[in-house]
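Q: If you're matching them up, the sequences are chains Z and F in order. Residues in the first sequence are numbered consecutively from 1, following the numbering used here. Residues in the second sequence are numbered consecutively from 1, following the numbering used here.
Hints are supplied without guarantee of correctness; some may be wrong.
Residues from chain F shown here face chain Z by an in silico Cβ test under 8 angstroms; the list is partial [claimed, not checked]: (1) Glu89; (2) Asp97; (3) Ser255; (4) Pro351; (5) Gly360; (6) Met369; (7) Pro373.
Straight line, CA to CA, 30 angstroms or less: simulated DSSO-like cross-link-like pairs of lysine-lysine [unchecked claim]: (8) Lys363/F x Lys54/Z; (9) Lys143/Z x Lys453/F; (10) Lys99/Z x Lys101/F; (11) Lys370/F x Lys54/Z; (12) Lys128/Z x Lys363/F; (13) Lys398/F x Lys99/Z; (14) Lys363/F x Lys71/Z; (15) Lys54/Z x Lys78/F; (16) Lys287/F x Lys137/F; (17) Lys128/Z x Lys370/F; (18) Lys465/F x Lys99/Z; (19) Lys143/Z x Lys363/F.
None of these hints come from the bench; they were simulated from the model. All values reported here derive from a predicted model rather than from experimental measurement. Just so it is clear, CB atoms sit at the ideal spot from N, CA and C, and this is done for glycine as well.
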Amino acid sequence: MLTRRNLFKQSAFSAITMLALESCYSSPEIPPAPDGLGHDFEFLTLADRGILSKLAPVILAEGLPTSEEQKALVIKEIIVGWDIAVNGLPLLTQAEIRKLFSVLDSNFILSLTPRLLTGVPAAWDDSKEIDEFLNNWRFSDPKSLITGNELRVGYMGMVEITMACWYANPRSWDFCGYTGPPVL
Amino acid sequence: MSKKQNKIHDFVAEGFEQGWKHLDSSQLTSEKTLETDVVVIGSGAGGGNAAEILAKEGLSVIVIEEGPLHTAKDFHMKEDEAYSELYQESAARQTKDRGIKIFQGRMVGGGTGINWTASFRTPPTTLNYWTKEMDVKGFSVDEMQPWFEWAEKRYKIQEWTDSPNANNSTLEKGCEKLGISWGKISRNVSGCLNLGYCGTGCPVNAKQSTLVTSIPGALKAGAMLISKARAETFDLRKGNIVQLKCRAMNARGNSPSDQLIKIKARHYVLASGAIGSPAILLRSESKSLNPHGLVGTRTFLHPVNISGAIMPFPVNGEYGAPQTSYSDHYVDTRIDNKKPGFKLECPPLQPMLVATTLDGHGKTHAEIMKQRPFLQVLIALQRDGFHPESTGGKVYLKSDGTPGLDYPVSNYVWKGIRDAFLAMAEIQFAAGAKAVAPVHRDAGIYSSPREVKHAIAGLPMEILKARLFSAHVMGGCPMGEDPVKSVVNSNGRHHEVENLSVFDGSIFPTSIGANPMETIFASTAKFAGDLAREMIN
Ligand SMILES: Cc1cc2nc3c(=O)[nH]c(=O)nc-3n(C[C@H](O)[C@H](O)[C@H](O)COP(=O)(O)OP(=O)(O)OC[C@H]3O[C@@H](n4cnc5c(N)ncnc54)[C@H](O)[C@@H]3O)c2cc1C
Ligand code: SF4
Chain Z
1 MLTRRNLFKQ SAFSAITMLA LESCYSSPEI PPAPDGLGHD FEFLTLADRG
51 ILSKLAPVIL AEGLPTSEEQ KALVIKEIIV GWDIAVNGLP LLTQAEIRKL
101 FSVLDSNFIL SLTPRLLTGV PAAWDDSKEI DEFLNNWRFS DPKSLITGNE
151 LRVGYMGMVE ITMACWYANP RSWDFCGYTG PPVL
Chain F
1 MSKKQNKIHD FVAEGFEQGW KHLDSSQLTS EKTLETDVVV IGSGAGGGNA
51 AEILAKEGLS VIVIEEGPLH TAKDFHMKED EAYSELYQES AARQTKDRGI
101 KIFQGRMVGG GTGINWTASF RTPPTTLNYW TKEMDVKGFS VDEMQPWFEW
151 AEKRYKIQEW TDSPNANNST LEKGCEKLGI SWGKISRNVS GCLNLGYCGT
201 GCPVNAKQST LVTSIPGALK AGAMLISKAR AETFDLRKGN IVQLKCRAMN
251 ARGNSPSDQL IKIKARHYVL ASGAIGSPAI LLRSESKSLN PHGLVGTRTF
301 LHPVNISGAI MPFPVNGEYG APQTSYSDHY VDTRIDNKKP GFKLECPPLQ
351 PMLVATTLDG HGKTHAEIMK QRPFLQVLIA LQRDGFHPES TGGKVYLKSD
401 GTPGLDYPVS NYVWKGIRDA FLAMAEIQFA AGAKAVAPVH RDAGIYSSPR
451 EVKHAIAGLP MEILKARLFS AHVMGGCPMG EDPVKSVVNS NGRHHEVENL
501 SVFDGSIFPT SIGANPMETI FASTAKFAGD LAREMIN
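Isolated chain Z (complex conformation) (with noise of 0.2 angstroms):
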């Protein structure tokens, strides 16, 4: 789903700059959120959880169910998982997650820029694409001259907490051969 102020910013920017760049960069919109099973989102706009239901997947690969059905439902879980997550932790902490996901929302059009040097996927679609911004964001320099330590930290922030979701979540367990707390 389109937001409303990404569709604000393409129409007033479409008419030159896609012309320009439509041969290097495909579809940039910002996939739809999947439903959030009941919960009341706090800090997770509709776009932060179209980015992570493509992001998830692509982190934790194989260790997701491989029924479509399941993947679908844990990935809705993960991203409740993600707004508690983050809710709990200090403001300012918060503060440089909403950063981050402005980074990744942006539209590509808007904010040219940013995404040349970020990388952001431009086809949130492609699984292929997002493990390669994931790794370029993985191994990008700590101590670059342009982004600083941003996209290494962003990268380090963005897997840990979808880590943290998934392998908190009993589904998982499984997978990870874990049978779970001692029963008292």
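Using the hints, position chain F with the ligands against chain Z.
A: Quick look at chain F with the ligands alone, frame taken from chain Z:
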């Protein structure tokens, strides 16, 4: 936490039901002013311990704690719950450059509520160093001996005689094979069921944290506990503290509300731990509290790097007492500090901790998670602070007044980290590992000692590449007899402000070189007794 409760007899919860004085400040609806003989700020190893000693001497005591009151019945051995409720910054605290992840407790009981129960006396070499190099008095091996004995009795610190879990026995076996020394770790437990969930709060009150020992002791002696209250600043008049200002935390516990709590005391005992205690002094912005700008300096971490191994047998390191074996071979053989020394231990291996500690994502990460039951993990703790290049970090205040730590890893410590990667891999292969993976962004998984040795030699020892951790934050209010070079004297008393003491892990002038809890119990018992006698007379 969810409302579901363990079926365990929880005498701490009962004590509160039966009238121990406790105020959960997130429930406050109006400003509060209280008066007392002593206010103890923080309820961890130092604070809980001191509170009991002071209260039993007949002084009126208020304990202020930023974290929540949770007791055994609330501990469900669930990682997500525990890390977000019981750890500082949801277990996501980091150094300024994000290079080191810092674990600290934030609950009634502080670090002792979620720590791994490894109990060591302060190594004699550390005590000697303080005496000779740091101008500390009263901390010789002989002078400390009775205090260690006292702490061992109070907190039931005993040799752990049960057989180790396979994570720990692999460390033992590897050391045996290589002919290097190793030992068994004593633990502060009583009736331990060997569950392995010390890090998420002991569900059966076996761990002798301050939550189940000295805090109940203090409350029985009439002390009052105020939870979910963050001490913010001291107000001073004529060089003495006249009041402590606290703010109630919101129900979620991640930021303060508008509700003020003011405490007027005869004496103020700062026990908010390293990073926490210096932060309160820095926020107070008083020249008397920080006359030489030393507050927050010399903060040490025992920076930890990690090596994972895939064993040919199931390890299941999530179960069984987490930390029962160690090797000091690389401490003992490097005590001249020409090469950096490090201690080798094991961590618990519950899945969330494992998944968030590994670097990377996707297929490779998932493959390791799939083999997690076979995963054996060693950690190396660098002995920082004993070399001119190893001066530790500095606590600073962020824009919202909460503390951060700037800890640049010195080249000296990096050398130790590289050596530790190799030492851990050698032990793991000697114990029969099929493959070893140093936890480093640029490392792979290696199936022979030769391969791993070659790889480690080429790994960049740089921040955010080697993954570093700390569960032992120490220093920041260093003690010593010279008021120009230290913040408190060798009795934990502030050099300049007479009615202020610091009784926690922030007073250490170097790292301990071993897990710090017992050193904190022993030193703060010594200090608190002296303070009580002085206040009573
Ligand atoms: C996961 C983990 C495992 C560990 N394992 C071991 C082990 O096996 N053996 C060992 O010896 N050590 C271990 N440690 C370290 C040990 O627990 C600490 O060194 C010790 O608890 C420190 O004691 P302290 O009194 O200095 O501070 P803490 O125990 O950290 O207590 C300080 C308390 O003050 C509170 N506080 C902070 N700021 C404020 C404020 N402004 N107002 C009010 N309250 C405040 C905090 O919430 C906290 O509860 C471990 C630590 C962790 C995190
Ligand atoms: S190992 Fe022992 S002390 Fe630790 S949580 Fe289990 S029962 Fe408690």
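Q: Now tell me if each hint is right for this structure.
A: We went through each hint and held it up to the structure:
no., hint, in the structure
1, Glu89, "holds, 6 angstroms"
2, Asp97, "holds, 7 angstroms"
3, Ser255, "holds, 5 angstroms"
4, Pro351, "holds, 4 angstroms"
5, Gly360, "holds, 7 angstroms"
6, Met369, "holds, 5 angstroms"
7, Pro373, "holds, 4 angstroms"
8, Lys363/F x Lys54/Z, "holds, 16 angstroms"
9, Lys143/Z x Lys453/F, "holds, 26 angstroms"
10, Lys99/Z x Lys101/F, "holds, 21 angstroms"
11, Lys370/F x Lys54/Z, "holds, 22 angstroms"
12, Lys128/Z x Lys363/F, "holds, 12 angstroms"
13, Lys398/F x Lys99/Z, "holds, 17 angstroms"
14, Lys363/F x Lys71/Z, "holds, 16 angstroms"
15, Lys54/Z x Lys78/F, "holds, 27 angstroms"
16, Lys287/F x Lys137/F, "holds, 26 angstroms"
17, Lys128/Z x Lys370/F, "holds, 22 angstroms"
18, Lys465/F x Lys99/Z, "holds, 23 angstroms"
19, Lys143/Z x Lys363/F, "holds, 27 angstroms"
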